[in-house]
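A.B. asks: Single-letter residue listing:
Number of protein chains: 4
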Amino acid sequence: MSDRFDAAGYGEIPVGFGERLAVVVVDFQLAFTDPTYQAGRSPHIQRAVVNTAALLKVARACDVPVATCHTAWSSERDMIPWKAAAIRVGMFHGDPATQMDPRIRDAAYDAHFVKATPSIFFGTALVPFLVKSKVDTVIVTGCTTSGCVRASIIDSFAWGFRTIVPEDCVGDMEESAHRANLLDVGRRYADIVTSATCIAEIKRRARKQPDTQGEEHATV
Amino acid sequence: MSDRFDAAGYGEIPVGFGERLAVVVVDFQLAFTDPTYQAGRSPHIQRAVVNTAALLKVARACDVPVATCHTAWSSERDMIPWKAAAIRVGMFHGDPATQMDPRIRDAAYDAHFVKATPSIFFGTALVPFLVKSKVDTVIVTGCTTSGCVRASIIDSFAWGFRTIVPEDCVGDMEESAHRANLLDVGRRYADIVTSATCIAEIKRRARKQPDTQGEEHATV
Amino acid sequence: MSDRFDAAGYGEIPVGFGERLAVVVVDFQLAFTDPTYQAGRSPHIQRAVVNTAALLKVARACDVPVATCHTAWSSERDMIPWKAAAIRVGMFHGDPATQMDPRIRDAAYDAHFVKATPSIFFGTALVPFLVKSKVDTVIVTGCTTSGCVRASIIDSFAWGFRTIVPEDCVGDMEESAHRANLLDVGRRYADIVTSATCIAEIKRRARKQPDTQGEEHATV
Amino acid sequence: MSDRFDAAGYGEIPVGFGERLAVVVVDFQLAFTDPTYQAGRSPHIQRAVVNTAALLKVARACDVPVATCHTAWSSERDMIPWKAAAIRVGMFHGDPATQMDPRIRDAAYDAHFVKATPSIFFGTALVPFLVKSKVDTVIVTGCTTSGCVRASIIDSFAWGFRTIVPEDCVGDMEESAHRANLLDVGRRYADIVTSATCIAEIKRRARKQPDTQGEEHATV
Numbered sequence: 035m036s037d038r039f040d041a042a043g044y045g046e047i048p049v050g051f052g053e054r055l056a057v058v059v060v061d062f063q064l065a066f067t068d069p070t071y072q073a074g075r076s077p078h079i080q081r082a083v084v085n086t087a088a089l090l091k092v093a094r095a096c097d098v099p100v101a102t103c104h105t106a107w108s109s110e111r112d113m114i115p116w117k118a119a120a121i122r123v124g125m126f127h128g129d130p131a132t133q134m135d136p137r138i139r140d141a142a143y144d145a146h147f148v149k150a151t152p153s154i155f156f157g158t159a160l161v162p163f164l165v166k167s168k169v170d171t172v173i174v175t176g177c178t179t180s181g182c183v184r185a186s187i188i189d190s191f192a193w194g195f196r197t198i199v200p201e202d203c204v205g206d207m208e209e210s211a212h213r214a215n216l217l218d219v220g221r222r223y224a225d226i227v228t229s230a231t232c233i234a235e236i237k238r239r240a241r242k243q244p245d246t247q248g249e250e251h252a253t254v
Numbered sequence: 035m036s037d038r039f040d041a042a043g044y045g046e047i048p049v050g051f052g053e054r055l056a057v058v059v060v061d062f063q064l065a066f067t068d069p070t071y072q073a074g075r076s077p078h079i080q081r082a083v084v085n086t087a088a089l090l091k092v093a094r095a096c097d098v099p100v101a102t103c104h105t106a107w108s109s110e111r112d113m114i115p116w117k118a119a120a121i122r123v124g125m126f127h128g129d130p131a132t133q134m135d136p137r138i139r140d141a142a143y144d145a146h147f148v149k150a151t152p153s154i155f156f157g158t159a160l161v162p163f164l165v166k167s168k169v170d171t172v173i174v175t176g177c178t179t180s181g182c183v184r185a186s187i188i189d190s191f192a193w194g195f196r197t198i199v200p201e202d203c204v205g206d207m208e209e210s211a212h213r214a215n216l217l218d219v220g221r222r223y224a225d226i227v228t229s230a231t232c233i234a235e236i237k238r239r240a241r242k243q244p245d246t247q248g249e250e251h252a253t254v
Numbered sequence: 035m036s037d038r039f040d041a042a043g044y045g046e047i048p049v050g051f052g053e054r055l056a057v058v059v060v061d062f063q064l065a066f067t068d069p070t071y072q073a074g075r076s077p078h079i080q081r082a083v084v085n086t087a088a089l090l091k092v093a094r095a096c097d098v099p100v101a102t103c104h105t106a107w108s109s110e111r112d113m114i115p116w117k118a119a120a121i122r123v124g125m126f127h128g129d130p131a132t133q134m135d136p137r138i139r140d141a142a143y144d145a146h147f148v149k150a151t152p153s154i155f156f157g158t159a160l161v162p163f164l165v166k167s168k169v170d171t172v173i174v175t176g177c178t179t180s181g182c183v184r185a186s187i188i189d190s191f192a193w194g195f196r197t198i199v200p201e202d203c204v205g206d207m208e209e210s211a212h213r214a215n216l217l218d219v220g221r222r223y224a225d226i227v228t229s230a231t232c233i234a235e236i237k238r239r240a241r242k243q244p245d246t247q248g249e250e251h252a253t254v
Numbered sequence: 035m036s037d038r039f040d041a042a043g044y045g046e047i048p049v050g051f052g053e054r055l056a057v058v059v060v061d062f063q064l065a066f067t068d069p070t071y072q073a074g075r076s077p078h079i080q081r082a083v084v085n086t087a088a089l090l091k092v093a094r095a096c097d098v099p100v101a102t103c104h105t106a107w108s109s110e111r112d113m114i115p116w117k118a119a120a121i122r123v124g125m126f127h128g129d130p131a132t133q134m135d136p137r138i139r140d141a142a143y144d145a146h147f148v149k150a151t152p153s154i155f156f157g158t159a160l161v162p163f164l165v166k167s168k169v170d171t172v173i174v175t176g177c178t179t180s181g182c183v184r185a186s187i188i189d190s191f192a193w194g195f196r197t198i199v200p201e202d203c204v205g206d207m208e209e210s211a212h213r214a215n216l217l218d219v220g221r222r223y224a225d226i227v228t229s230a231t232c233i234a235e236i237k238r239r240a241r242k243q244p245d246t247q248g249e250e251h252a253t254v
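Protein chains in written order, with this note's numbering: chain A, 35 to 254; chain B, 35 to 254; chain C, 35 to 254; chain D, 35 to 254.
No lab work stands behind these hints, which were simulated from the structure alone.
Remember, identical chains collapse to one label, so a pair may be satisfied in a single copy or spanning two.
Dumping the calculated EDC-like pairs for lysine to aspartate or glutamate here, alpha-carbon to alpha-carbon at most 16 Å: (1) 91 with 140; (2) 168 with 110; (3) 242 with 97; (4) 168 with 97.
Given these sequences and hints, build the entire structure.
C.D. replies: Encoded structure:
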């Protein structure tokens, strides 16, 4: 379908994978992945959890940095005015809904952050971790596509990272919101791919790692 | 229409106007408002320029802080990887496409910022200006709804401001993208209103200003 | 003593207290306040803990927002390259050295943040908390004056807050470093006062609070 | 001299140069480098300008990213409360005092930013530029050591970059303030070296660049 976005060349220039990848995981905490909670009942999010778990297994095996986060605050005093009832209750530090989904987190490997706002980059030390790890490409996973994932994609792009979104690793309450947001970000900020593509790119770099490492040591 | 968002109470709790308002204007520069440029040919954006100009006239008369911005960079070296061809050419410092639309800017009144990324809050000194001005409520205007406006709304919310979007003061290339994004942000971050409502709220506070000012001076 | 700073008018213009105050407390965690730890043996820091505890008691009684923090990270992977041996060991999430000094924290009242870098403002959701609380004046306490306190003072100023430092509520390893840093920041960013002055200013505003509140409600 | 800092191992662990260097230049604008202005009369700053110009010549020849900045604001409305009289006058956008020293800037090469606060990293798009350029090591130059340079060093460290300060490329109003600040940051955040060391490290990497580049292309 041709429209004004096409006429102005939106989405025309692919981002591409760079040299050093990282995987960031947005809000796969029980509030959104456990059916006990009202916001945790979306099959579309369950699909994303399963696919992200598989992606993370490869990432960790290949020494790719992984950052996870959950959303929480100290009290109503420091909670910014979320309009969603489901988000405003039970998200205080220590609440069960703030715990990470056990399918996702590896406490011994991942860098974990607590956030209070939509983006995993906002009000966290994620950028320092990525800079220190010399990452140039961020693979964004998590939920929800039309909320905290969208915000994290914008920020990943804004901070200067090549930004890649495996479509099957981000989930939403409703598929229509999921699709509309991937359309927006695919036009401007990020490449929309599959987890299979991400896994292949991670493995390809892992095989080359030894030579790269040697070269790097030589230059330091 | 009932869906999972409704079930989880998204959009249930209105934000409301606070005590001190500011108007921020995103990217009403010639690249997006002048038909000379490929991205400047959307009637939907023209509508937003006209309505924002009227809103700004009232805001300035009532001493409401106004912040404007344009997008630009020094060279290809510091341009992050925008996927849109229309954005990657002619947006260097000093280029005509980076000049503000004359219907919008009042150089003697507005605080003006240069940005290189989607959000007017990102990589600018906007937050210090709002904090110093004791603003608690940010009215977001500009273009495009599905791009830099969406990013600015998320950040306004994240920084802790009550965030208000006059629907007729934000414009897009395509109305479908405009509507989808207002739906997303109205569920989570911001109240979607009209410019008429914003003008009324600004005028109402202006009438009360003298008393408030007296009270403040007494407490300092 | 007259010097080039004086000639250029550094320190000439006082900041002054504004309308709404907050107290932020930097790094009063066991690593720096408990003699069990190498960095926790400075009498100058103990003095600051005692004076800050007294200031916080008044602040909480007067409904002044309080923000505390501790420094910690997930692992060596996300620890930035601190040059100090004492900081690089035992500061992982959950370690005893990351626990707040019991004289300082009130978990039911304070907004608490985890940071990984010098400033309490960096990589935390402190600014959103202060914005939401309509704070215009930040009183900075904690340790060490020549390290994380200095960084926090700069950021408080940069974010647009009036910044006040009660000299007896910030502590250091060595008094010479303490004095040199207060001289620097007093010339540029912040007023250097005593905790007695801060307590008096907090109490004075608290007495006026009922009227102010009434006025505010009327304007909304 | 042994003290509590030494006992706690401050300054013990050197940072070291990484793989990809950048030079950032803080505030070498006429306000601070031209004797026409009150703050521009320090011989210590003149020394730093001359040495930085020499360093930049090598950096540009070796394709090392260079970022410069000047401090300015739109009006008193968006100027945060600097306590120094010399900074509060004549620093508005377009004022002569905001122009870069001609010995320093190369408009065709450098990424240039406008800042309103002490640190070159704060409220600018510097981090995205460094991330996009895959920089892991930031060489900080400019003025003044005890003001905007100190703030920039802290932020460079906080963002996760290896931070290097060539002592002869940063200048101050008074040498005592210069020395005290280098002592503080050398204990915690940055290696204090000379411009000769930086030039040697830049040249050494430049000679290896061709091979590294080939290796990188192979892995992408």
